[in-house]
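Enquirer: Add chains B, C and D to chain A, keeping to what the hints say.
Spelled out, the chains give:
Number of protein chains: 4
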Amino acid sequence: MIKVGIIGATGYAGGELVRILMNHKEAEIVWYGSRSYIDKKYYEVYQNMFEIVEDICKDDNLQELAEQVDVIFTATPQGFLAGLLTEEILSKVKIVDLSADYRIKDVATYEKWYGIEHKSPQFIEEAVYGLCEVNRGKITDKTRLVANPGCYTTCSILTAYPLVKEGLIDVDTLIVDAKSGTSGAGRGAKVPNLFCEVNENIKAYGVASHRHTPEIEEQLGYAGNCNVTINFTPHLVPMNRGILATEYATLKKKADGSLPTYEEVKAVYDKYYKEEKFVRVLDKGVCPETKWVEGSNYVDINFVIDERTGRIIMMGALDNLVKGAAGQAVQNMNILFGLKESEGLELVPCFP
Amino acid sequence: MIKVGIIGATGYAGGELVRILMNHKEAEIVWYGSRSYIDKKYYEVYQNMFEIVEDICKDDNLQELAEQVDVIFTATPQGFLAGLLTEEILSKVKIVDLSADYRIKDVATYEKWYGIEHKSPQFIEEAVYGLCEVNRGKITDKTRLVANPGCYTTCSILTAYPLVKEGLIDVDTLIVDAKSGTSGAGRGAKVPNLFCEVNENIKAYGVASHRHTPEIEEQLGYAGNCNVTINFTPHLVPMNRGILATEYATLKKKADGSLPTYEEVKAVYDKYYKEEKFVRVLDKGVCPETKWVEGSNYVDINFVIDERTGRIIMMGALDNLVKGAAGQAVQNMNILFGLKESEGLELVPCFP
Amino acid sequence: MIKVGIIGATGYAGGELVRILMNHKEAEIVWYGSRSYIDKKYYEVYQNMFEIVEDICKDDNLQELAEQVDVIFTATPQGFLAGLLTEEILSKVKIVDLSADYRIKDVATYEKWYGIEHKSPQFIEEAVYGLCEVNRGKITDKTRLVANPGCYTTCSILTAYPLVKEGLIDVDTLIVDAKSGTSGAGRGAKVPNLFCEVNENIKAYGVASHRHTPEIEEQLGYAGNCNVTINFTPHLVPMNRGILATEYATLKKKADGSLPTYEEVKAVYDKYYKEEKFVRVLDKGVCPETKWVEGSNYVDINFVIDERTGRIIMMGALDNLVKGAAGQAVQNMNILFGLKESEGLELVPCFP
Amino acid sequence: MIKVGIIGATGYAGGELVRILMNHKEAEIVWYGSRSYIDKKYYEVYQNMFEIVEDICKDDNLQELAEQVDVIFTATPQGFLAGLLTEEILSKVKIVDLSADYRIKDVATYEKWYGIEHKSPQFIEEAVYGLCEVNRGKITDKTRLVANPGCYTTCSILTAYPLVKEGLIDVDTLIVDAKSGTSGAGRGAKVPNLFCEVNENIKAYGVASHRHTPEIEEQLGYAGNCNVTINFTPHLVPMNRGILATEYATLKKKADGSLPTYEEVKAVYDKYYKEEKFVRVLDKGVCPETKWVEGSNYVDINFVIDERTGRIIMMGALDNLVKGAAGQAVQNMNILFGLKESEGLELVPCFP
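Chains as they are written, first to last, in numbering that gives the first Met the number 0: chain A, 0 to 351; chain B, 0 to 351; chain C, 0 to 351; chain D, 0 to 351.
Pulled out of the complex, with its shape left as it was, chain A reads as follows (with noise of 0.2 Å):
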């Protein structure tokens, strides 16, 4: 059985971890930090784990937490896992860490785009980029740290992927519009997250400034071989959970000068996804929507050529709180430890 420290465990994300960890056959919290709710019993914060999880909230201490567990799952604000990793932490257990703090290679730019400075910036070049579609063949029995990846990354990186990876489109076209549930916004008791403000109501924010652009455009750069700038808009939607990335870039014509067929491009996300059992290409003229994949660990892709603009429209939905945050973080731990990957994230999609 291995052992699992979670910090951050009453934020929404922190949550997630734990509700499909309750099912998870070879993994057990032993340690549920969470700074402010020391001594409180879990439950009392989530109600939905009354009679379920028993434990008390304990303080975020990672030097004990190393001694104690097998694996850490941080689910932190930016720069607090930076701020306390040290050599002997990472010599005792491995972490998984859902914050943005190991996610991108260039300490630069993270300290430009989170306008903070990187604490151990000397960890950065072994953690692996946790996307595990892309990654998993990186994550090997002496891997410790783990970036997991962002919720709106994983969702943009994973339905564009194939095609920049294979060079169908042009990489300098490409605009992501994404639309994310509240929940990605977190637990923090601030107005603009408050019922009344987000219920019946759109907008878009960090319009051209979003902190996921940097980590969508390097890891898309590393699967074009090329540098990438992208144009990265997310909207906040009043529904719990979700994202939905709409995709839009310009087709590369063939030799011919004509576009590639649907089932051209068909073939090459089946090419990548086909034994992907967490990613569905949906059937022909199928639009990906997020209530299809609550609750679970599914990422649900689908494209539409136009030929009149010669663009491809791409869609990609996943649960932000699961494949977006908690369920890849468990699916990196399967793989870390060597389990089955979909060990615990049997998550039959739940509607409505």
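Heads up, some of the hints might be wrong.
If chains are identical, the list can't say which one is meant, so a pair holds when it fits in one copy or spans any two.
As the list claims (entries may be wrong) - For lysine-lysine, the following DSS-like pairs were computed, each having C-alpha atoms within a straight-line distance of at most 30 Å: (1) Lys-251 <-> Lys-111; (2) Lys-2 <-> Lys-276; (3) Lys-164 <-> Lys-270; (4) Lys-164 <-> Lys-276; (5) Lys-40 <-> Lys-276; (6) Lys-273 <-> Lys-40; (7) Lys-40 <-> Lys-265; (8) Lys-111 <-> Lys-265.
Just so you know, these hints were derived from the structure itself, not from any lab.
Expert: Showing chains B, C and D alone in chain A's frame:
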């Protein structure tokens, strides 16, 4: 492996049966009955099941079904099963009926409240009312027909049951004010159930005439060994899932003229529910919320004693599609076949 | 032109006052008081007012305000006005107080339910309880202080008022089960009011202890000329606006032992409300829905007599920010200044 | 007093026409046309109109209507008006058509995108495309037929219009990603519009094939004096009202190779919109939100220049039933009859 057939598999309750049974270790669905979608792939109706269910929808042929399966779930309109059920069918297969056809023992009462003739009253007597926590002892390996309780009724009855059973309240004063999410209204295309009509709105409906009233009265009558006549008022709430019942009754005074204490009432609840996995009596002062049980088979219950009025306010919350329909149906199946009662139902509530 | 000052202009009720007064022909706002946003442009807090309101937010200076305006609306927390009000202020300006400070005539009751000391009980006596349809006769040109009723109370009282007044129901049996949209909880940044906590959820709160209870009891007591003790249970509903009160009471039997008929009860409602512009008693069989009054000053009311239990179920719906707060406050202002009572309040409900 | 007839008065746009015209000082509705509800009281369909509208619903008789009214609003399905319109009718009455029948000048384009034959193409030429801020000069006292723009199109065009007109963007790069509330889908009873299907969900639809595409292209083509071919992707959002258009285009570089500055672009917006009552270009950095215009005739617009990609991100928000349908229709009526353009439209947005 128990072979399962579902009739009405493309309604919301039918869809929830499919979701739950996907993770049931000892049952498999072999017949997805849906007259409206015959020959269509099931996942084309419910895209959450894409790459999970490959079956097509079949006709509602009870005869043929009886030959092929061990148990049939009928998630069908009132009168459907009553119109088709025969001794021959019941001799071959067990049936868990999610409709109201066999819930009410008195045919006249059924016909009055439902406004239709009962076509097979001869089976009413043998049908067991499948409120598991109350009647599991009546479900044996010889039981052929289980009448699965209604969503409002499950919630309303379980919330008051111990107090009626033990005679703590004056049942003539019982008032049930219930609030339900919109999935309870089914998937029929009707104007009052359109998004724009339900959203940002709340209303009562079926005031003093809702069909779940006699069902609650009958069952609480058995508990209290008396006639029970109540007010039951359902309300439509702009959310997908969940029922909250707020119930009011006058507490009987003790011999010394005082009201029972919190501890005394709590002890009565504990007597009936402490060992019940799916009934959670919350800590003092915590009000049940539908969100805390969403997606799970739990009923959360609590109460407040009002010294000023001498009344007790009882509150119960459940997910109308799970404990209020498909979950309890699976629980009944588990009992019918001697399986662990919670098999397939270890569903952790999903929050947020 | 009546000069208006608002204290608490950036709360939800304050914002609604601004919205309504924009189209009021005989009043203009000259002071937008908001301690939290002093010197900030009002429209920067509420962007709906962009290019409509150019004013900046000012301090909550009652003294200065009293010099500059004809009427002050205080949409402030309990205790605020009571702590500042003086004879000097009242000698210069009329006040419509949207808080609870002067609603309850008995200081001890106020202090018990609100848990704070009342700092200026000397003004309670002269304050008129501004439930317009009941008390408009008490508001004269000499009235200086109007206690604007609470949102729940306006709905709860008006729904039952004619029957209590005329003695048709046994007031000791009265139970009010109320459901409110989330704007009633105010704009404070609190976790329980976050979108993800409220959405897809319903719960009771303040069970047997909500502060609007004694206010309802007092006013219905005046109507019935008796002591009234009720159960009042508020619920939080995932919608922005709207309150629905479902009320239960035992009908008094007539001399011949029969219940009053629908027509008899309807006649009593009509006696009080037929000429009332803002109270609409719906056609037989139509249940009030909050959506049908949204954005307007209407209260929609109806009832059902249950012959089986001898009870009447009364239902009332209003917009908590309009008739439940700002609309009624403007209605009171209109009465205070001898204007047409509906001036500025000819708001057609917005659907959907 | 202008006599108004509405055909399609019981759809959502028709209902909004009624709401708006109730407070219009120079117009009165004398004909509530609704084939589905003939002889039913209008308020029985829309209870918000109880005690406000006493009229019954009448048939859709254009001939008779032309005799009785000064202006007809047709809020009807595509093809309806085109199938009935005659020279005789137009000689007697002005028509503001809220359908698409006369919006597109090229019949072939209309027939291709709408998939129906146009039955009266002879009136297309004279119809004025009623985008008021752009075309008000074309509406004279001789104008008989106004084609009221679509909801998506009004939002999409106005958001980009000044930049296309002044040649600041490369129109071939224009992409419109639009999000709409569900009232845009109408009041038809269809499963995809049920509460449980829309709530907690977001999806794209009509990708690369939505009918508003050619309308946007045609109008922006006039503005830019060039052919325009765009990508337009609508999305369904779980809210009643509101459209947000997020638009992307590459900025043309200035002679010195640099991008236009914020101030330069702002000046272009101001040139066209500074004097426009119903178009609000927000302060720098403020993103439009649909909630801030709800219930009003405003369009809120803003933009961000992304130096990294050389693109401009434009955003526009409106209420699809007001400026996107009924409000603009009334605005057109006001222009047609020489009234103050904002008569009846001084609607303050309702928040929250």
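Enquirer: All hints, please: hold or fail.
Expert: Okay, the hints, checked on the actual structure:
1. Taking CA atoms no more than 30 Å apart as the test, Lys-251 paired with Lys-111 passes between copies only; the shortest distance there is 27 Å, against 33 Å inside one copy.
2. For the identical chains of this complex, Lys-2 and Lys-276 are neighbours both inside a copy (26 Å) and across copies (26 Å), given an alpha-carbon limit of 30 Å.
3. Taking the shortest alpha-carbon separations for Lys-164 and Lys-270, only the intra-copy value of 11 Å comes in at or below 30 Å, while the best inter-copy value is 45 Å.
4. When the C-alpha separation of Lys-164 and Lys-276 is checked against a cutoff of 30 Å, the pair qualifies only within one copy, where the shortest distance is 20 Å, while the shortest distance between copies is 49 Å.
5. With identical chains, the CA atoms of Lys-40 and Lys-276 are at most 30 Å apart between copies only, with a shortest distance of 20 Å across copies and 36 Å within one.
6. In this assembly of identical chains, the alpha carbons of Lys-273 and Lys-40 lie at most 30 Å apart only when taken from different copies (20 Å versus 43 Å within one copy).
7. For the identical chains of this complex, Lys-40 and Lys-265 are inter-copy neighbours only, at 21 Å across copies versus 50 Å inside a copy, given an alpha-carbon limit of 30 Å.
8. In this assembly of identical chains, the alpha carbons of Lys-111 and Lys-265 lie at most 30 Å apart only when taken from different copies (27 Å versus 38 Å within one copy).
In the structure shown, no violation is registered for any of the earlier numbered hints.
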